[in-house]
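Number of protein chains: 2
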Amino acid sequence: MVTVVILGAGNIAQHFYTVFQNTESIQVVQVYNRSEKALQYFNAVHTTTNLKDIVEAAVYIIAVADDAIASISNKIPFTDRFVVHTSGSASMHVLHKKNRRGVFYPLQTFTKGTQVDFATIPLCLEAADKTDFKLLHSMAAAIGSTSYRISSEQRRALHVSAVFVNNFSNHLYRIAHEICEANNVPFKILNPLIQETANKLNTLTPYMAQTGPAKRGDEKTINDHIAKLEKDIHKEIYTLLTQSIGKTYGREEL
Amino acid sequence: MVTVVILGAGNIAQHFYTVFQNTESIQVVQVYNRSEKALQYFNAVHTTTNLKDIVEAAVYIIAVADDAIASISNKIPFTDRFVVHTSGSASMHVLHKKNRRGVFYPLQTFTKGTQVDFATIPLCLEAADKTDFKLLHSMAAAIGSTSYRISSEQRRALHVSAVFVNNFSNHLYRIAHEICEANNVPFKILNPLIQETANKLNTLTPYMAQTGPAKRGDEKTINDHIAKLEKDIHKEIYTLLTQSIGKTYGREEL
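Same order as they appear, the protein sequences are chains A and B.
Under our numbering, the letters of the first sequence match residues 1 to 254, in that order.
Under our numbering, the letters of the second sequence match residues 1001 to 1254, in that order.
Wrong hints could be hidden among the right ones.
What the hints assert, rightly or not - EDC-like, lysine to aspartate or glutamate: derived pairs with alpha carbons at most 20 angstroms apart:
| no. | chain 1 | residue 1 | chain 2 | residue 2 |
| --- | --- | --- | --- | --- |
| 1 | A | LYS188 | B | GLU1056 |
| 2 | A | LYS98 | A | ASP129 |
| 3 | B | LYS1228 | A | ASP129 |
| 4 | A | LYS235 | A | GLU196 |
| 5 | A | LYS188 | B | ASP1117 |
| 6 | B | LYS1247 | A | GLU181 |
What the hints assert, rightly or not - Some residues of chain A that are not near chain B, with every Cβ distance over 10 angstroms (derived):
| no. | residue |
| --- | --- |
| 7 | LEU51 |
| 8 | PHE164 |
| 9 | CYS180 |
| 10 | LYS247 |
Simulated from the structure, these hints should not be mistaken for laboratory data.
All C-beta atoms in this analysis are idealised placements derived from N, C-alpha and C, irrespective of residue type, glycine included.
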């Protein structure tokens, strides 16, 4: 049985709490949070708002905003235990060195209140100590996740990549939504195309999957599209991404 | 029984041919193409390379490159029949007016050699004549597609939107692939995130689904990310999309 204390009460803390509660080999023994209110969610375990009351456990999971990780790991009153954070962008070394350090980063976008299937979520693991790494690996396996040994530097690269494929792709969906609304077209017509664009990566690299006027160098369609766009920033985004696709396929200028 | 002649032998022509062959109420009676070679695919029906040999049918589907539609519809030797094209960006009026005109546009990305499920593909229909429109509607229903009445102007908006959600999203996947390769991280780790980003649109609008440093206005992470990117054009894309997300959530400048 791996005993766990979770520090933090937000989205990630809740998702880990829920999946650990459903895992026989992992036991959440306590949840800490600065404020009482957010602790209501964790009604099946002992909770505290006082760092001095934290109990002993095999691993302490700090699941708080990036800029609060260093401070909370510093304030922890104990030493020589195993403390991890769950951040994609923070280095393992933002954790205070008085404890053994590690990272347990789920590479997925979480929606509050929506159950997630950890079997589909890759976990990026890092630990300074070999035995600690094995513990994280066994925890990932216990909740059904595929895990990868990822250094802080690699994790930073993954986190930037995640911004491109998640945050930025979603923003492109938003722009399409705006264009549809401005032209009285239901956005849902695009949904199958959006799903298929993502699905293609199960069989093709993005390089192979690329299609469209920018790849073909079809200047007439490109100019028609830019003329059709109403917002300047949409024109700018269209132009820049078209230029970048052109470069990818060997055209310096369109 | 709806009789169909397909003009063109490319990707879209092949997909329509295959699904019509499997549909009881639609019969492909002939496929025309300028060159003989590409006609090999259509081995179960009569084929021709001569426009003068085209037989009678209820609907003629021109499935060729956008810039060839006007020319082929002009060269067709008959008049007063029903002729449609399958393009997302070309107006219905690029078809020569000597025939009755329409559009039968499948809004999806097609991969050569990959079977497609038309039940998941929205068809955008347009026809000048009411009876012709009904015919297209019944054909869409026969192959299991959901269809929408979409004007040429609306279709143009959808086509620009499709470039954003398909071509440009795929290019963002490509950029992430490049970043992963440069940092010795397997790109496949990002695949579940990519799928989930698309899946979220089944329950949330893109406006509601947005997360990340650009939305939060988290300047430290944004600057770290831009510093981490090696290619100037990736920095430019990161900066512009971050700025656009900022505007969407009410921040003029970051």
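The hints, checked one at a time:
1. Taken as a hint, the A/LYS188 and B/GLU1056 pair is broken in the structure, with Cα atoms around 37 angstroms apart against an allowance of 20 angstroms.
2. At most 20 angstroms may separate the alpha-carbon atoms for a hinted pair to count; A/LYS98 and A/ASP129 meet this at roughly 14 angstroms.
3. Under the criterion of a C-alpha separation no larger than 20 angstroms, the hint pairing B/LYS1228 with A/ASP129 is inconsistent with the structure, at around 27 angstroms.
4. At most 20 angstroms may separate the alpha-carbon atoms for a hinted pair to count; A/LYS235 and A/GLU196 exceed this at roughly 25 angstroms.
5. Of the pairs offered as hints, the one joining A/LYS188 and B/ASP1117 holds, with about 18 angstroms between alpha carbons and a cut-off of 20 angstroms not exceeded.
6. The suggested pairing of B/LYS1247 with A/GLU181 holds, with an alpha-carbon distance near 18 angstroms, which does not exceed 20 angstroms.
7. At roughly 25 angstroms from the closest C-beta of chain B, the C-beta of A/LEU51 stays outside 10 angstroms, upholding its exclusion from the interface.
8. The claim that A/PHE164 is not at the interface with chain B is violated, since a C-beta of that chain comes within 10 angstroms of its own (minimum 5 angstroms).
9. At roughly 6 angstroms from the closest C-beta of chain B, the C-beta of A/CYS180 falls inside 10 angstroms, breaking its exclusion from the interface.
10. Listed as a non-interface residue, A/LYS247 fails to keep its Cβ farther than 10 angstroms from every Cβ of chain B; the least gap is roughly 7 angstroms.
Hints 1, 3, 4, 8, 9, 10 from the list above are not met by this structure, while the remaining hints are.
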